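Trainee: Each chain, letter by letter, is given below.
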Amino acid sequence: MALLMQEDTRFGLDKKIRLLGPVRLDSGAEFAPVDIAYETYGALNADKSNAILICHALTGDQYVASTHPMTGKDGWWTRMVGPGKPIDPARHCIISINVMGSCMGSSGPASIDPTTGAAYAMGFPVITIPDMVRAQALLLDHLGIETLEAVVGGSMGGMQALSWAALYPERVKSAVVIASTARHSAQNIAFHEVGRQAIMADPRWKNGAYYGHEAPSSGLAVARMAAHITYLSEAGLTEKFGRRLQNRDAKSFGFDADFQVESYLRYQGLSFVDRFDANSYLYITRAMDYFDLAEPHDGILARAFAGTKTRFCLISFDSDWLYPTAESRRIVHALNAAGAAVSFVELSSPFGHDAFLLEAPEMNRIVDGFLRAGEQ
Amino acid sequence: MSALRPDLAIIAREVRAGARVLDVGCGDGQLMAALRDAKNVDARGLELNAHDVATSVSRGLSVIQGDADTDLAEYPDGSFDYAILSQTLQTTKRPDLVLDHLVRIGREAFVSFPNFAQWRIRFAHMFGGRMPVTKQLPHLWYDTPNIHHVTIDDFRSLLHERNIEIEGQWFLSGNKPRADRFANLLAQHAVFKLRRK
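From first to last, the protein sequence lines are chains A and B.
When we follow my numbering, the leftmost residue of the first sequence carries the number 1, and every step to the right adds one.
When we follow my numbering, the leftmost residue of the second sequence carries the number 1, and every step to the right adds one.
Treat the hints with care, since some could be wrong.
[Unchecked claim] Just the calculated beta-carbon pair ranges, DEER-fashion: (1) LEU358(A) to SER173(B): 47 to 55 Å; (2) ASP69(B) to GLU262(A): 40 to 48 Å; (3) LYS240(A) to ARG195(B): 52 to 60 Å; (4) PHE127(B) to ARG365(A): 27 to 35 Å; (5) ASP69(B) to LYS240(A): 30 to 38 Å; (6) GLY128(B) to LYS309(A): 54 to 62 Å; (7) ASP42(B) to GLU295(A): 28 to 36 Å; (8) MET131(B) to ARG365(A): 34 to 42 Å; (9) GLY307(A) to ASP37(B): 20 to 28 Å; (10) LYS39(B) to LYS309(A): 45 to 53 Å; (11) ASP96(B) to GLN246(A): 56 to 64 Å; (12) GLU295(A) to LYS197(B): 37 to 45 Å.
Just so you know, these hints were derived from the structure itself, not from any lab.
These numbers were taken from a predicted model, which means no experiment stands behind them.
Where is the CB? At the ideal position from N, CA and C, for every residue including glycine.
Please work from the sequences and hints to get the whole structure.
Mentor: Written out as C-alpha cells, the structure reads:
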C-alpha cells in the first residue's frame with residue numbers, strides 16, 4: 001500500500017523531480033543532476049501500454065492541457081489533448097515534459113548549479129534535441145514506463161518525436177510528427193541567429209549573467225517578434241492586419257506602432273518576456289540549429305530509422321514556410337526507404353506554421369485514427 | 001467488408017494473403033482496408049487527395065499523400081509483392097511511365113481502367129459527335145480527371161511495347177464479368193495482372 005501511494009505521487013499535475021542522471025550529452029559532457037518538470041493526465045493501464053508522450057515546441061512547456069501557472073491561460077494544445085480529443089486522459093496516460101534547457105522547472109541556464117549555488121547561466125552545457133530526449137527517457141525510467149504507445153509533437157516537438165524513434169526505436173510504437181523537420185535549414189538557423197543576436201545585443205544580457213538583475217527583455221522581445229513572423233503566413237498576416245492602422249485615423253509620421261501588425265508584434269514580444277528566460281531561448285534555439293538527424297548517419301536519413309518497427313504519421317501545412325512540406329516529404333522518403341509504416345498528408349491552412357496549434361479538424365481526425373489503429 | 005467496386009473485388013480476390021501491397025491512387029483506402037482485414041496484407045497507399053488520405057489514415061492505413069506521376073520514382077525496385085493502380089491510369093500525365101514504375105516496384109502489378117472503346121462510347125462519339133458522357137465516365141470534357149482515355153487494345157499494345165507480360169485479365173460490363181472475346185468492343189472495365197518480362 002505504501003508502495004502504491006508512493007507510485008501515485010509520481011503522476012499528476014505540476015510534478016518536479018531531481019534525477020541523479022547523468023545525461024550523456026552529444027557534446028561529450030555529462031550532465032547531473034537532472035531536474036525534470038512534467039505533468040501527467042490519465043492513468044497508466046495494467047500492462048503499461050497506453051502512455052503517450054507529448055513533446056513541446058521551442059517556447060512551449062509541460063502545461064499541455066492544464067492552466068499555465070504564470071499566464072493563467074489554458075494549456076497550449078487543448079485542441080488535441082483532453083476529454084473527447086484524439087489524445088484523451090480517459091484512454092491514455094499522457095505525459096508532457098518541460099525540455100532540458102527550458103525555464104519552466106527542468107534543468108536550464110536559469111537553474112541553480114548545485115556546485116556553485118548560483119545560476120548556471122552560460123555555464124549550462126550546450127545541449128541538443130537528442131539530449132532533451134535522453135533526459136526524457138530518464139524520467140520515463142523513473143515512471144516505470146518502458147514503452148510509449150506514441151510520441152507526439154509539433155515543430156520542435158516533432159524533432160523530439162523523430163529523435164525518440166531514432167534513439168529508442170524499441171520504446172516507441174508510434175510517432176506523430178507535425179509541422180516539423182529532420183534538420184534545420186540555413187534559413188531556419190538564420191532566423192534563430194537574428195533572435196540570439198538581439199538578446200546578446202541587449203546591454204542587460206551581460207554575457208548571460210543577469211540573474212538577480214534586470215533581464216535582457218528588450219532583446220528577448222525582439223527575438224520573439226522576429227520568430228513570430230516565421231510562425232505566420234503572409235496571407236494570414238494580410239488577412240488579420242492588412243495595412244490597417246492601430247487606434248488612429250492617419251499615419252503619425254513617427255515611429256509609434258502605427259500599424260496593427262506592429263502593435264500585435266510588440267504585444268507578442270512584451271508578453272513573452274514575462275514567461276520566458278532569455279538564456280533558455282539561446283540554448284534551445286541552438287539545440288534546434290544543431291538538429292540534423294541524418295548527420296550521424298553520413299547524411300543518409302533513412303539509416304537513422306533502419307529496421308524500425310515504429311509507425312509514423314507526418315502532417316504538414318501548405319502555408320508553413322518555416323518547416324515546409326518538402327521537409328516532411330524528405331522524412332517520408334527516408335522512412336519509405338527504411339521500410340517503415342508511414343502515413344503523410346499535407347493539410348491546407350492559411351495560418352502558416354502555427355496551424356498545428358489551432359483548430360484543424362482534419363488533423364485531429366488523422367491523429368485520432370492513427371492512434372486508434374495502433375491500439376488494436 | 002463493405003461491397004467493393006467490381007474491379008477492386010477482382011484484385012482483392014487475386015492478391016495473395018500476407019503479401020506486401022502498394023496501392024497507387026488508393027482513394028479512401030477501401031481496397032487496402034479489405035486486403036488488410038480479409039487477407040492480412042501489409043498495404044501501403046499513395047493518394048493525391050488530402051481528404052482521402054485523411055480518411056485512409058483514420059482507418060488505420062499507412063497512406064502517403066503524393067502523385068503517381070512524380071513520387072513513384074522514390075520506391076525501390078521489387079519493394080512490394082504487388083503494385084496496384086485501379087481507375088487511376090487514365091488520370092496520370094504519363095501513363096506509360098507510371099506503368100513502368102508499377103512493374104518495377106511490384107513484382108506483379110494490377111491495373112484497372114475504364115475501356116474507352118466500349119460500344120456505347122463509340123456510339124455516343126459516332127452519332128452524337130460529342131465527347132461521350134456515360135455512367136462510367138460521367139465527366140464533361142473540360143473538367144474530366146481522365147486526361148488519357150485508353151482502350152483495351154491500346155493498353156495491350158503499350159504492354160507489348162514496354163515488354164510487359166500479361167499474367168491475367170478480367171473484363172466487366174457493369175458489375176458483371178464478361179468473356180475475353182470482343183472485350184475491346186463490349187467491356188466497360190478491364191483489370192490486368194502484369195509482370196515485367
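Trainee: It remains to establish, for every hint, whether it holds in the given structure.
Mentor: Comparing the hints with the structure gives:
Remark: the range hint 47 to 55 Å for LEU358(A) to SER173(B) is upheld by a beta-carbon distance near 50 Å. A beta carbon spacing of about 45 Å between ASP69(B) and GLU262(A) agrees with the range 40 to 48 Å that was offered as a hint. At roughly 56 Å, the beta carbons of LYS240(A) and ARG195(B) sit within the given window of 52 to 60 Å. As the Cβ distance of PHE127(B) to ARG365(A) is approximately 47 Å, the hint placing it in 27 to 35 Å is violated.
The given range of 30 to 38 Å is respected by ASP69(B) and LYS240(A), whose C-beta atoms sit roughly 36 Å from each other. Between GLY128(B) and LYS309(A) the beta carbon distance is about 57 Å. The supplied range of 54 to 62 Å therefore holds. One distance hint, 28 to 36 Å for the beta-carbon pair ASP42(B) and GLU295(A), holds here, with the actual separation near 31 Å. Taking the beta carbon of each, MET131(B) and ARG365(A) are about 37 Å apart, inside 34 to 42 Å as hinted.
The given range of 20 to 28 Å is respected by GLY307(A) and ASP37(B), whose C-beta atoms sit roughly 27 Å from each other. One distance hint, 45 to 53 Å for the beta-carbon pair LYS39(B) and LYS309(A), is violated here, with the actual separation near 21 Å. At roughly 59 Å, the beta carbons of ASP96(B) and GLN246(A) sit within the given window of 56 to 64 Å. Checked against the given bound of 37 to 45 Å, the beta carbons of GLU295(A) and LYS197(B), roughly 43 Å apart, stay inside it.
Comparing the model with each earlier hint shows violations of hints 4, 10; every other hint is respected.
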